[in-house]
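Could you slot chains Z and D onto chain A? The hints should help.
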Amino acid sequence: MSDSNYTVSRASPAAKGAAVAGAVILIVLILAPWWAGRADMRLMGELFLYLALASLWNLMAGYAGLVSVGQQAYVGFGGYMLFALTIFGGLHPVVAIAGAAVLGALISVPVAALIFRLRGAYFAIGTWVIAEVFRLSFAQISALGGGSGSSLPVDIVRSLSSSRSGREALSYWMALGAAVLVIAAVYLFLRSRRGLALTAIRDNELAAGSLGIDIWKTKFVVYVVTSALTAMLGALIFLQKLRISPDAAFSVNDWTAFVIFIVVIGGIGTIEGPIIGTLIFFALRETLADLGTTYLIVLGVVAIVVMLKAPKGVWGYVRERYQIQVFPLRYRVKTDSRN
Amino acid sequence: MPEPILSLNALDAHYGDFQALYGVDMALDDGEVIAIIGANGAGKTTLLRSVSGLMSNAADQIRYRGQPIGMLRADEVAALGIALVPEGRQLFPSLSVEENLLIGGRLKRPGPWNLRSVFELFPVLEERRAYPSTALSGGQQQMVAIGRALMSNPDLILFDEISLGLAPVIIKSIYDALPGIVGEGMSAVIVEQDISKALSVSDRVYCLMEGRVTLEGASNSVSRDAISHAYFGID
Amino acid sequence: MDWVNAIVQGTLLGGLYALFAAGLSLIFGVMRLVNIAHGDLIVLAAYLGLTVVVTTGLHPLLALIIVIPVMAAIGYALQRGILNQTLGDDILPPLLVTFGLSVILQNVFLEGYTADPQKMDAGAIETASISLGGLSLGILPLLTFAIAVGVIAGLQFIFYRTPLGRSFRAVSDNQDIAQLMGLNKRHIFGLAMALALAVTAIAGILLGIRTSFDPTAGGARLIYGFEAVIIGGLGNLWGTLVGGVILGVAQTIGAKIDPGWQLLAGHIAFLFVLAVRPNGLFPRVSG
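Residue numbers (the numbering used here), protein chains in the order written: chain A, 4 to 342; chain Z, 1303 to 1537; chain D, 4 to 290.
Just chain A, same shape as in the assembly (with noise of 0.2 Å):
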């Protein structure tokens, strides 16, 4: 017979050691501007703002069961509230992209109060018409260029820095914080008492109601906070672009599409998938691009056979192979056994 002592603590030694990479990792993604190319650096810009709205929508669909194929609206709603705040508002354009978010926010309770009449994949839908609801009434705005959109004034691209080097410097920094804010609150949500009520309602929504946990609360809160951190996304998205029109701004297809493609090949449900299903994006896309057409083919083709065949996505995969996790959320037991 042994003593044995447990501890149980969510670390572990593969999330200690992802911790001190990540910190490696995020330090010389810091220093970009001084090792990293113009190019390289708009891509991985673009990649940072992908890696956010992805974790994003993992957090509803993989976490809180709310499967949106609207998010178009808030990466839009948030772009022109970027072009009406610093044009009509005169507000500086980082504080534009907060407002965004505070705007974003505001507008997903009266949405969120409608469209949560609408069950599961009517849900889903319900997202695509407020979406297309957002499109129309932009489209309708003439001081925002009406259907065909506008551009950021030159004055208000230069109130961020003065050279086109510091503007890109500052652009790039944002979209890795973006990031980095992002997932950051995500896991510390999910490992708040909300958060793992919500695992709780994924898992079992019949149980998590009988336990007292408030479904629609937990939900209600998710798509608020989502909807405003989407919203802040979609500034920052058209601050890089400097253009906006009411069709690229409510895309489906760049910012729901490519979004759910990423979380579901790299693993829905989990913090990581979005981490790993947006490398695994960018490279085919930089391989792919140039097939055109083809390239989307592939990808539908290859996010359908996951989910039928791997629907945990390939983070899901290697986790059930290998039993480790970056993202410290479950608790493990340990023993430690003295003879």
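Just so you know, these hints were derived from the structure itself, not from any lab. From the three backbone atoms N, C-alpha and C, an ideal C-beta is built for every residue, glycine too. Certain hints may be false.
To be verified - Covered stretches of chain Z (in silico footprint by chain D; criterion: 3 or more residues with CB under 8 Å from a CB of chain D, positions within the stretch not fixed):
| hint | segment |
| --- | --- |
| 1 | 1366-1377 |
| 2 | 1415-1429 |
| 3 | 1469-1481 |
| 4 | 1522-1535 |
Claimed, not checked - So these bits of chain A aren't anywhere near chain D, every CB distance computed over 10 Å:
| hint | residue |
| --- | --- |
| 5 | Ala-35 |
| 6 | Gly-198 |
| 7 | Val-321 |
Showing chains Z and D alone in chain A's frame:
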């Protein structure tokens, strides 16, 4: 010795990690009626779900007329002539009484049972043929469930707790009808909590406890003591 | 009179929307599947019709003789080959798989037919109209509406008066018990999808005669169909027709006020119904 119509050979059944049946052996001769008794959770319903194909098992753990059927889907099992009257009746709520019976007969196996003969067995159903099945009393619903199973003219019929939740007078009328049903060469497995009812209509009885067979014998010769021992595991 | 005209035209347009919706409603009713690629399948039918018309010289409406069975076969194969594997308690797999399918279809259209808008030429019937009490009613919209009523009556008949419909309802009620009746649910689901895509074939051809379409036209059609289903109330086919009419009338009235408001007005009508009658106007199934 003729081949049994149904034989279970060391049947195991699992719900995920939970094992519900452990090596159950059972044999049923052509035309025979057996009763399976046992407490809640003994594995009676699991056994019927396995035989009817609602649960998948190893192929040769269940044989029907010598043929392995453990791996077949429920619709394939039904086509072979095995019908289940499920626990809780489980009628189709969006179908009328008549439609519930007709869907039972869609396999069109030859035999004595059709809409006409089911209505003769349960005349009240003919009066209510156009009613939604949800508008019937519990006893009438049970008649529809039995009629629905008969409509396929099965060679083997499985009854799961047909008296559950019904008034005694209804139970009596249903059990009175049973000999007329199974007397025509049809084999039957009757799962029942009401032990005396089960013994009265069956040739042999099996008792299950915690997924294992604890007693087997002729229905008219097993003793009360043996049953309570097998049923509860106490002396 | 202009307003009356707008309402009448919107009502006739509603017939087309009801056709978009009928397949969606049927599929949801039988297997609780919401098919995100439904709109793209409507557009697929339109492209198939176009191909038949171009290669054989048939009139678009006669092309239905070929397109309906082809779409039904595609539906059966799609259901048995892919969609049956996604059905279960989790709503994610069917949703994401049909979403992937939608993206694939759109890009296949792009590859095969370019991004240019296409249209089917139905000849004189497109411009023919009859005069009724000062209103000019197009033959094509009238025909579309009549077909919609006929299709819904036909689906209603199949659903409630035939052995096939009985099987659909039985499987929808309880898949396990239906299997005990000897029904193979995979096959029944395949038949349901075949029937739904047969209806979709009709919708696609009528769409392609009425307006031009391009590879991305499916999304909007899915949404119109979905809105008609929800306005009418889940599981009620005649309600779906009413839903389509309400949507069509809202759009034509919106367009009357300002052309830019046409689509927006339809969506607003939908959101209004959702706000005041979340279960639609004539709900049948609960949950």
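Here is what the structure says about each hint:
{"no.": "1", "hint": "1366-1377", "verdict": "holds (count 3)"}
{"no.": "2", "hint": "1415-1429", "verdict": "violated (count 0)"}
{"no.": "3", "hint": "1469-1481", "verdict": "violated (count 0)"}
{"no.": "4", "hint": "1522-1535", "verdict": "violated (count 0)"}
{"no.": "5", "hint": "Ala-35", "verdict": "holds (32 Å)"}
{"no.": "6", "hint": "Gly-198", "verdict": "holds (19 Å)"}
{"no.": "7", "hint": "Val-321", "verdict": "holds (20 Å)"}
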